[in-house]
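Starting from the structure of chain W, add chain H where the hints point.
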Amino acid sequence: MADIAIKPNTQIDLLNTTIDQPLVAGEPSYHMVTESVCRIVEDKPTKLWFALLAVTSSVMMVLFVMLGYLVATGIGVWGNNIPVAWAWDITNFVWWIGIGHAGTLISAILFLLRQRWRTAINRAAEAMTLFAVACAAIYPVFHTGRPWRAVYWLLPYPNTMQMWLNFRSPLEWDVFAVSTYGTVSLLFWYVGLLPDLATIRDRATGLRKQIYGFFSLGWRGSAHHWKHYELAYMVLAGLSTPLVLSVHSIVSFDFAVSILPGWHTTIFPPYFVAGAVFSGFGMVLTLLIITRKALNIEHLITLKHIDYMCKVMLATSMIVGYSYATEYFIAWYGAVNGEQFAFFNRLTGPFWWATWSMIFCNVVAPLPLWWASVRSNIAVVFVITIFVNIGMWFERFVIISISLHRDFLPSSWDYFRPTYVDVLTYIGSIGLFLTLYLMFIKFVPMIAIAEVKGAIAQDIEKGAHH
Amino acid sequence: MATAHTEDRAMVPADAQGKPFAVATTFYSTTDLVDAIRAVRKKGYRKLDAHTPFPVHGIDEAMGEKRSKLGYVIAACGIAGILVAQGLQYWTAAVDYPLIIGGKPFYAVEFSIPITFELMVLLASFAAVFGMLAFNGLPRFNHPVFNYSHYARATDDGFVLVVERDGNHFEPTAIVELLNELGGDNTEIVHEDA
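Chains W and H supply the protein sequences, listed in that same order.
Per the numbering used here, numbering through the first sequence is continuous, rising by one, with the last residue being 466.
Per the numbering used here, numbering through the second sequence is continuous, rising by one, with the last residue being 194.
Among the hints, erroneous ones may be present.
[Stated by the list, open to error] Pairs of lysine to aspartate or glutamate residues, derived as EDC-like cross-links and limited to a Cα-Cα distance of at most 16 angstroms, are as follows:
1) H:69 x W:42
2) H:66 x W:230
3) H:42 x H:61
For the record, the hints were derived by calculation from the structure and aren't laboratory data.
So that you can see chain W by itself, here it is in the shape it has in the complex (with noise of 0.2 angstroms):
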């Protein structure tokens, strides 16, 4: 990549810019890094951020608010019921896990990749992956009425009952899978930041680098240290790449080993995982479009990163499209009433509309993202990750909602409808997710200033042989 070398005294033009720009535009120097990143962090927070502040954590606390009905009068409030006894709370979960999947594959499987365009976005994303798994964590754990009580049959301890957990359940591998997934993004997240809260630290006083100071732990930068925290970044990069995998794999466990038609199928882990890839990366576009506007790092979030993210998400969006395909010729092909009947129902029944949703936002929205012009319009992406936003939820809805309230039971079929407390919940959890994530850009350094650093080096280091 010789073309990156530096540029001295380059002012990009941010109307003109193009995607053949360098991973880091402008003067690359090691301060520049170190000033436009932790100048986020540094200078007060400005009144537009109070002023989302506001509106967010206004509508997380719809979220407590709900909770605490739910807690207090019983999962009756929701919506769900027999037949659909799985319904928005699920859909949920599954919606927000997949949202937590672009995190990790960008910090783990695109750093074993070597794609060093990852340096940019990685600790940003890894924030998402942390808020939308916690995000996600609400719903099967209010899900079950009384969470307190659940404790039993959900962490392996001997309790007064001297019962054990169902080990061969799904949803037992599901509680070990998602915490997990939790803790290994969080330690993940925590050790890319150790350098840069460091970073944070030598350039603060008074408390600000008494805190900062505490949680760098007392990083030094010595060559002792990179040297174990090398392998240990690379190790853990290692674990979380069929971590990664394996999450969304066993959540849809939780479907394909039952037996109702629509869920029983044994193309679930990948098509699962794929969909997960698809909306985490249309979750993480949609919010840094807005953040690099908002926060002036376009020369950090290159159109070139953009564009990486769309070819990412067009090409989640074609093994999705791939996969609705193959379920419904195997449905026809499989010759199974119940299984014909279930996807029948889903395109025509009465809940056409959400299927058709579905296949718009998630196949037919993405394709404009074959032209490059189009991955380079900033307003035309954004408005596409909007689309896959919706259409990740759709499809989770899809397969959930849909597959329960018509099964081999005529008797026994029912329309679902949500309730208030289902619509509030939800909104509420986004605004949980958005302040958590408006927390993260003001307080937490979003650019990863060391591997950025690194990258730049790369690169002089390069330029030199050329």
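Relative to the frame of chain W, chain H by itself:
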């Protein structure tokens, strides 16, 4: 020697600063740092450390650092995770409280795989992170190198080379001269107490 001190440092009584800990200097490119490390080692100084904003390619080789042994700890913990998961699933479901659920066997390799995998990853990740901190002696909030007046560059854009005291034999002035010759900036004798 005194000229290497900054103004405020010079005002502190010499006995309050404790023993000299090391001589520190700053370079502004990775190649300068690695070249300097090689040169200093050639002169016979062995107790070196470098503080850099990011991992510098080739520095371990120049400093004669051995490969990290952290991998063995991680592997051991990963294997422990596998054993714990297998033991937990077998003992609770097939020994301590066997319960027939859905006519499935009390224990089978197939359904034990997901939890085995997750616990392997979990314990190995704990080992990677906490092992890395333990090997690095972190958290440690005070360290003499923080007394170097230009230390802050080491997490920004400077590459700080530190020649530490090795036993009682320590001639800081000679090292200051050597580091200045090698092109080091802000060369300074760093004491154990600020």
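*Taking 16 angstroms as the top limit, are the C-alpha atoms of residue 42 (chain H) and residue 61 (chain H) close enough?*
holds, 14 angstroms
*Between residue 69 (chain H) and residue 42 (chain W), does the CA-CA distance stay at or below 16 angstroms?*
Violated: residue 69 (chain H) and residue 42 (chain W) sit about 38 angstroms apart, past 16 angstroms.
*Would the pair residue 66 (chain H) and residue 230 (chain W) pass a check requiring their Cα atoms to be no farther apart than 16 angstroms?*
Measuring from Cα to Cα gives roughly 14 angstroms; hence the hint holds.
Comparing the model with each earlier hint shows a violation of hint 1 alone; every other hint is respected.
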